[in-house]
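Engineer: Going by numbering that gives the first Met the number 0, the residue at position 226 of the sequence shown is 225; the numbering climbs one at a time, nothing skipped.
Worth flagging that the hints you see were computed from the coordinates, not collected in a lab. Every value quoted in this text rests on a predicted model; they were computed, and no experiment measured them. Don't take every hint at face value.
To be verified - Listed next, the in silico SDA-like pairs over lysine to any residue satisfying Cα-Cα at most 20 Å (straight line):
#1 Lys210 to Arg199
#2 Lys206 to Met229
#3 Lys50 to Glu275
#4 Lys184 to Leu143
#5 Lys230 to Ser257
#6 Lys96 to Arg245
#7 Lys230 to Asp189
#8 Lys205 to Glu111
#9 Lys244 to Arg49
#10 Lys205 to Glu175
#11 Lys206 to His179
#12 Lys96 to Gln18
#13 Lys50 to Ala70
#14 Lys244 to Gln286
#15 Lys205 to His179
#16 Lys244 to His64
#17 Lys283 to Gln73
#18 Lys205 to Ser172
#19 Lys140 to Ser178
#20 Lys106 to Pro232
#21 Lys69 to Arg49
#22 Lys96 to Val135
#23 Lys88 to Asn290
#24 Lys116 to Gln138
#25 Lys69 to Leu79
#26 Lys184 to Ser257
#27 Lys88 to Phe33
#28 Lys210 to Glu278
#29 Lys96 to Leu134
#30 Lys283 to His64
#31 Lys106 to Pro252
#32 Lys205 to Leu262
What the hints assert, rightly or not - Computed spacing ranges between beta-carbons, pair by pair:
#33 Phe27 to Gln137: 36 to 46 Å
#34 Phe27 to Glu259: 47 to 57 Å
#35 Glu188 to Tyr72: 41 to 51 Å
Heads up, the beta-carbon is just placed ideally off N, CA and C, and yes, glycines get one too.
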Amino acid sequence: MTQQSRQWKGKTGGGKLGQKSLFFLLRFINVSFFYPVLFGVIPFYMLFGRKSYRAIMRYFKQCYHLSTWKAFYQTFRNHLIFGQVVLDKFSMLAGNKDHYTVNISGKSYFDELINRKTGFIVVSSHIGNFEMGGLVFQQNKKQLHALVYGGEAREMHQNRIRAMKSVGINVVSVNEDMSHLFTLKQALEDGDILTILCDRVHGSNKKVRCKFLGQEAYFPLGPFRLAVQMKVPMVALFMMKDRRKRYHAHILPVEIASTEVNLTKRAELLAHTFVENCEQIVRKYPQQWFNFYDFFG
0 MTQQSRQWKG KTGGGKLGQK SLFFLLRFIN VSFFYPVLFG VIPFYMLFGR KSYRAIMRYF
60 KQCYHLSTWK AFYQTFRNHL IFGQVVLDKF SMLAGNKDHY TVNISGKSYF DELINRKTGF
120 IVVSSHIGNF EMGGLVFQQN KKQLHALVYG GEAREMHQNR IRAMKSVGIN VVSVNEDMSH
180 LFTLKQALED GDILTILCDR VHGSNKKVRC KFLGQEAYFP LGPFRLAVQM KVPMVALFMM
240 KDRRKRYHAH ILPVEIASTE VNLTKRAELL AHTFVENCEQ IVRKYPQQWF NFYDFFG
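Use the sequences and the hints to build the structure in full.
Structural biologist: Structure (structure tokens):
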């Protein structure tokens with residue numbers, strides 16, 4: 000199977016009408032009301048979304064060496080939590096950010112960088128619910144820019160922009176002509192913050208092969224090379240769902256002690272450090288791994 004055929008397609012499901020309806024309902028109905036509905040929806044989703052379902056089954060069997068039945072149970076739990084995470088994301092985008100509480104571990108790393116004059120990069124992955132990071136980033140010292148995939152449905156993308164703007168986040172869409180790179184570099188030169196998800200390659204040849212959960216996988220090299228080129232620090236943020244409307248934010252430094260002068264090598268070392276951070280978190284929250292395609296290989 001080729002890397003291209005294994006890639007994630009990058010769009011939130013539900014269609015324009017479904018997404019619009021959900022945004023409307025969540026403005027008036029508490030998100031907790033919808034959680035039990037998922038028990039009826041998830042079996043159908045798994046039945047008709049067999050490709051993503053099988054990918055998560057393989058994740059549990061290969062990475063945690065579970066039996067078929069145990070892997071199936073964990074896959075159901077994974078889909079159930081993912082459904083809750085998606086509802087939480089829509090709820091926040093609908094303007095309900097005050098409904099959630101967040102405990103933060105490692106906030107000192109973030110606070111230290113906020114007080115510096117230089118910009119910095121916050122990296123994460125599709126583990127947990129990164130878009131809830133807006134609840135952590137609120138401060139008045141630095142502008143925050145979020146690099147996002149530009150292929151979402153128009154309704155979803157516009158609501159994302161509005162919601163992030165409400166917490167002081169500027170959305171930067173990925174463009175095919177790579178013009179977004181100029182925006183990112185300018186933001187770092189201005190001493191701002193960039194947030195980037197770093198676990199999907201999106202067809203780019205600039206990637207690095209890392210060992211993750213005992214398996215080999217590709218990770219994008221671009222964000223780490225940007226950090227090296229711009230000589231800015233980097234931290235990782237993981238927003239993990241605890242229960243109902245409570246999240247736990249884990250902030251970890253992404254640093255290397257190497258004196259390697261080659262930029263590509265330094266970027267690769269940073270990437271490996273980030274992958275180690277991802278593994279640390281996903282082993283603690285194995286059911287919150289949300290890459291629904293053949294990630295490994």
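Engineer: Each hint should be assessed against the structure and marked as holding or not.
Structural biologist: For each hint, the structure was consulted:
For the hint pairing lysine 210 with arginine 199, the CA-to-CA distance comes to about 15 Å; that is within 20 Å, so the pair holds. Simply put, lysine 206 and methionine 229 have alpha-carbon atoms about 19 Å apart, close enough for the 20 Å limit, and the pair holds. Taking the CA atoms of lysine 50 and glutamate 275, the gap is about 27 Å. The hint is violated against a cut of 20 Å. Using a Cα cut-off of 20 Å, the hinted pair lysine 184 and leucine 143 holds, with the two alpha carbons roughly 13 Å apart.
A C-alpha spacing of about 14 Å is found between lysine 230 and serine 257, which places the hinted pair at or below 20 Å, so the restraint holds. At most 20 Å may separate the alpha-carbon atoms for a hinted pair to count; lysine 96 and arginine 245 meet this at roughly 11 Å. Distance check on the hinted pair: lysine 230 and aspartate 189 sit about 13 Å apart at the alpha-carbon level, within 20 Å; holds. Taking the CA atoms of lysine 205 and glutamate 111, the gap is about 31 Å. The hint is violated against a cut of 20 Å.
About 29 Å separates the Cα atoms of lysine 244 and arginine 49, which puts this hinted pair outside 20 Å; it is violated. In summary, the hint linking lysine 205 to glutamate 175 is supported, as the alpha carbons are separated by about 15 Å, within the 20 Å threshold. This hinted pair checks out: lysine 206 and histidine 179 have alpha carbons roughly 18 Å apart, not beyond 20 Å. The suggested pairing of lysine 96 with glutamine 18 holds, with an alpha-carbon distance near 18 Å, which does not exceed 20 Å.
Taken as a hint, the lysine 50 and alanine 70 pair is honoured in the structure, with Cα atoms around 15 Å apart against an allowance of 20 Å. At most 20 Å may separate the alpha-carbon atoms for a hinted pair to count; lysine 244 and glutamine 286 meet this at roughly 17 Å. At roughly 16 Å between alpha-carbon atoms, lysine 205 and histidine 179 fall within 20 Å of each other, so this suggested pair holds. Annotation: proposed proximity of lysine 244 to histidine 64 is violated, straight-line Cα distance about 31 Å (limit 20 Å).
Proposed proximity of lysine 283 and glutamine 73 is supported: the alpha carbons are some 14 Å apart, at most 20 Å. At most 20 Å may separate the alpha-carbon atoms for a hinted pair to count; lysine 205 and serine 172 meet this at roughly 19 Å. For the proposed pair lysine 140 and serine 178, the alpha carbon gap of about 26 Å is over 20 Å, so the pair is violated. Restraint check for lysine 106 and proline 232: satisfied, since their Cα atoms lie roughly 15 Å apart, inside the 20 Å limit.
For the given pair, lysine 69 sits about 17 Å from arginine 49 by alpha-carbon distance, which is consistent with the 20 Å threshold. Taking the CA atoms of lysine 96 and valine 135, the gap is near 11 Å; set against the 20 Å cutoff, the hint holds. For the hint linking lysine 88 to asparagine 290, the alpha-carbon distance of about 17 Å falls within 20 Å, and the restraint holds. Using a Cα cut-off of 20 Å, the hinted pair lysine 116 and glutamine 138 holds, with the two alpha carbons roughly 15 Å apart.
Only pairs whose Cα atoms come within 20 Å are accepted, and lysine 69 paired with leucine 79 is accepted, the gap being roughly 15 Å. Of the supplied pair hints, the one linking lysine 184 and serine 257 is violated, its CA atoms being roughly 24 Å apart against a limit of 20 Å. The hinted pair formed by lysine 88 and phenylalanine 33 meets the criterion: a straight-line CA distance of about 13 Å does not exceed 20 Å. Using a Cα cut-off of 20 Å, the hinted pair lysine 210 and glutamate 278 holds, with the two alpha carbons roughly 10 Å apart.
Note on lysine 96 and leucine 134: the hinted pairing holds, with a Cα-Cα distance of about 7 Å set against a maximum of 20 Å. With a C-alpha separation of about 16 Å, the suggested pairing of lysine 283 with histidine 64 holds against the 20 Å cut-off. Note on lysine 106 and proline 252: the hinted pairing holds, with a Cα-Cα distance of about 10 Å set against a maximum of 20 Å. Proximity of lysine 205 to leucine 262 is assessed by CA-CA distance (about 13 Å); at most 20 Å being required, the pair is judged to hold.
Judged by the Cβ atoms, the range 36 to 46 Å given for phenylalanine 27 and glutamine 137 is violated: they are separated by roughly 25 Å. For phenylalanine 27 and glutamate 259, the hinted distance range of 47 to 57 Å is satisfied, since their beta carbons lie about 55 Å from each other. Between glutamate 188 and tyrosine 72, the C-beta spacing of about 50 Å keeps the proposed range 41 to 51 Å intact.
Checked against the numbered hints above, the structure breaks hints 3, 8, 9, 16, 19, 26 and 33 and satisfies the rest.
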